[in-house]
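Asks: Full structure from sequences and hints, please.
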Amino acid sequence: MMTKICLPTKRMWYRCPYCGQKLLIYDNAAKCSGIYIQCKKCKREVEVRIAEHL
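Going by our numbering, the first residue of the sequence shown is number 1, and it counts up by one from there.
The reader is advised that the hints may include incorrect statements.
With a straight-line cut-off of 30 Å between C-alpha atoms, the simulated DSSO-like cross-links for lysine-lysine are [as the list claims (entries may be wrong)]:
id: 1; residue 1: Lys41; residue 2: Lys10
id: 2; residue 1: Lys31; residue 2: Lys43
id: 3; residue 1: Lys22; residue 2: Lys40
id: 4; residue 1: Lys22; residue 2: Lys10
id: 5; residue 1: Lys22; residue 2: Lys41
id: 6; residue 1: Lys43; residue 2: Lys22
id: 7; residue 1: Lys41; residue 2: Lys31
id: 8; residue 1: Lys4; residue 2: Lys40
id: 9; residue 1: Lys4; residue 2: Lys31
id: 10; residue 1: Lys10; residue 2: Lys31
id: 11; residue 1: Lys10; residue 2: Lys43
In case anyone wonders, no lab produced these hints; they're calculated from the structure.
Replies: The structure is reproduced here in structure tokens:
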């Protein structure tokens, strides 16, 4: 079985869902879940969820 390889071609900002502050940069090959980061602007804890883009 062959797996699909996704090359990073586009970089995007992950924004706070509450205030819109830019938190981190990720590319289109990223997968992430279960990572928490505190927003510097509104001081809320945000779970970073990045699904694989097809």
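Asks: Now tell me, hint by hint, if it's right for this structure.
Replies: Here's how the hints hold up against the structure:
1. Lys41 / Lys10: 26 Å, holds
2. Lys31 / Lys43: Status holds; Cα separation ~24 Å.
3. Lys22 / Lys40: With a Cα-Cα distance of about 9 Å, the restraint between Lys22 and Lys40 holds, given a limit of 30 Å.
4. Lys22 / Lys10: Holds, because 16 Å separates the two Cα atoms, which is no more than 30 Å.
5. Lys22 / Lys41: 10 Å, holds
6. Lys43 / Lys22: 13 Å, holds
7. Lys41 / Lys31: Measuring from Cα to Cα gives roughly 25 Å; hence the hint holds.
8. Lys4 / Lys40: 36 Å, violated
9. Lys4 / Lys31: Holds, at roughly 14 Å.
10. Lys10 / Lys31: 14 Å, holds
11. Lys10 / Lys43: Distance ~28 Å between Lys10 and Lys43 Cα, so the pair holds.
Checked against the numbered hints above, the structure violates only hint 8.
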